[in-house]
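Peer 1: Residue-level listing of the chains:
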Amino acid sequence: MRLNPIVRFAGSKLLRLGLLLLAVALFTFVLLSLSPIDPIQAYVGADMMLISPEQQELIAQRWGLDQPFLARLWDWLGQLLQGNLGISMVFNQPVIEVLANRFQASLQMLAIAWLISGILGLLLGIASGALEGSWIDRAIRLYAYTLASSPTFWVALLLLIVFSVSLKVTPICCAAPPGVLTEDVTIWQHLHHLLLPALTLSIIGIANITLHTRQKLIEVLHSDYVLFAQAQGERLWGIVRHHGFRNILLPALTLQFASLSELFGGSVLVEQVFAYPGLGEATVQAALRSDVPLLVGIVFFSALFVYIGNTIADLSYPIIDPRIRLGGNLEP
Amino acid sequence: MTLIPPQAPLRRSRLQRLTLSRRQQTLWVIGLCSLFLLGIILSTWIIGDTGLNPILAQRNQSPSLDHPFGTDWLGRDMLSRSLHGMSLSLRVGLLAATISAFIGSSLGLAAGTLGGWVDAVITWIVDVFFSLPHLVLLILIAFAVGGGTTGVVVAVALTHWTSLARVIRAEVLQVNSSDYVQLSHRLGRSPLWIARHHMIPHIIPQLLVGLILLFPHAILHEAALSFIGIGLSPHIPAIGIILAESMRHLSTGYWWLGVMPGVLLLLAVKAFDWLGENLRDLLDPKTSQG
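Chains A and B, in that order, are what the protein sequence lines are. One gets my numbering by counting positions in the first sequence from 1 and adding 92 to each. One gets my numbering by counting positions in the second sequence from 1 and adding 1224 to each.
By construction, these hints were calculated from the structure, which means they are not laboratory data. Hints may be right or wrong, so weigh each one.
To be verified - Restraint ranges, calculated between C-beta atoms of paired labels, are given here:
1) A:G110 to B:R1246: 26 to 36 Å
2) B:L1411 to A:V122: 38 to 48 Å
3) B:I1279 to A:V261: 31 to 41 Å
4) A:Y237 to B:L1289: 24 to 34 Å
We treat Cβ as the ideally placed atom computed from N, Cα and C, and that holds for glycine.
Given only the sequences and the hints, what does the whole structure look like? Please build it.
Peer 2: Right, here's the structure in full:
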């Protein structure tokens, strides 16, 4: 029986996702069971002295820590399959709820940063590639190379110093003004607090896409068909629009979707600097305060996030590039 | 018809004598960058404890000739503090990156030469590593190891080998399928002889450049981990910790506490980048003669 190619494509993607999550689960489990951290001590924290060895034994039994390795792994995988990620110790809520709440806060920031860095990076890359060798090109390249090697958290610090401390145009921390209830925060206050973190992330994200777009455009401009177009009297911007744009859009889009991984990592640092209560800040909290269930939940979630980004990139090829569409086969 | 006597091209103009050839430029950049980085690493021993003792009379001074980086809230000289922190971060980063390069090259060589299921497994591990955000992976490993200096070194070492392994694997596969290696096989050379005479000369430059280009990433990630508080302990002032401390004093307007150590970190990272790129230009036969 021949399956619809789209169904087959989706099937293979889901299968791969399942395998990936399984691998991540195995990796995380092995890593955490080898680790010297005692789960009971991590759970009890400073009150460890108040608990007798018998009580510790009881907790270990209740959690199944006395079981052999494989039995524990099997139990845990079973719970995962039912969607039970456990309960976060720091937030005292199911991990799923923490993830949902925190991601909601981060999502807008990530989306704004992703869009700005994509569009601005593409435009700068085009300008730089089309005017290769000019001072504009040099300035853009200097900017991109410098940012590519600056520490994310330091750029965030600099923007904080300039805009929040010196110019006082943006708030210095958090997602809402102090003393205002979550329900009462207006959309403008919200955007106001979102602006600088999002801007930081986009400034950082620009470098990669700019340099790649520039390289690709230069390649295109040195091709035979562009030489022919020039011979026919087409102007530079006409060539960029008609011959360059489609050719550079595909790699740029791939890169931008692949950058979701970097973006997520960047948000951890940026949210830390701006004390923005998003998923990145929760990651740091989970690690600093030994909240293993939450940390594992975030690891899963970030794997899913990166995977979705890459899959969207795969899906967008046939829409943009007719050469891939003509093959009639969605699989690479 | 008169002959125009050839003139200018023969005599070297003054400008030409002053400008360096590409190769000389490359060598100069390599030398200066190495000197700069070596200077930072050795600065701990050269300057010793000067400037680290609190002098309360000189608190919170903005950058001046005496204190190019200013002084902090205890009157300590920020330049010496930054140099000490940077030196420590560089050493931690170098150690982690070297271990990482070792893992990467061994796995890359194994995948490329052994092929079969070994190759499949290693490629799959690399793919799994790429499917998680790098920083999340770093935090997870540093946490699982128990944090501290060991945590940072292990986390950075375990997460930076993937791209180098890919590069080395591709290089080995490419050399392996080339005509001269095939010919060597036919001539009855042992795999070890081929590895020594055909593989190693190709892999070593790749490895060297790969290692040096690993350093900036390793150092940036070490700084990031220390900055969020999972890395080196607060008692050891690595550059990330100095920057994290400065966060508390930002709202008071002491901008230099955050800006200056960051500039030093940026310069160190840039120096490694330049070093790696110029070394690649020098080692790659395609560009070394330019």
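Peer 1: Run every hint past the structure and note whether it holds.
Peer 2: Structure-based check of all given hints:
no.: 1; hint: A:G110 to B:R1246: 26 to 36 Å; in the structure: violated, 53 Å
no.: 2; hint: B:L1411 to A:V122: 38 to 48 Å; in the structure: holds, 46 Å
no.: 3; hint: B:I1279 to A:V261: 31 to 41 Å; in the structure: holds, 36 Å
no.: 4; hint: A:Y237 to B:L1289: 24 to 34 Å; in the structure: holds, 31 Å
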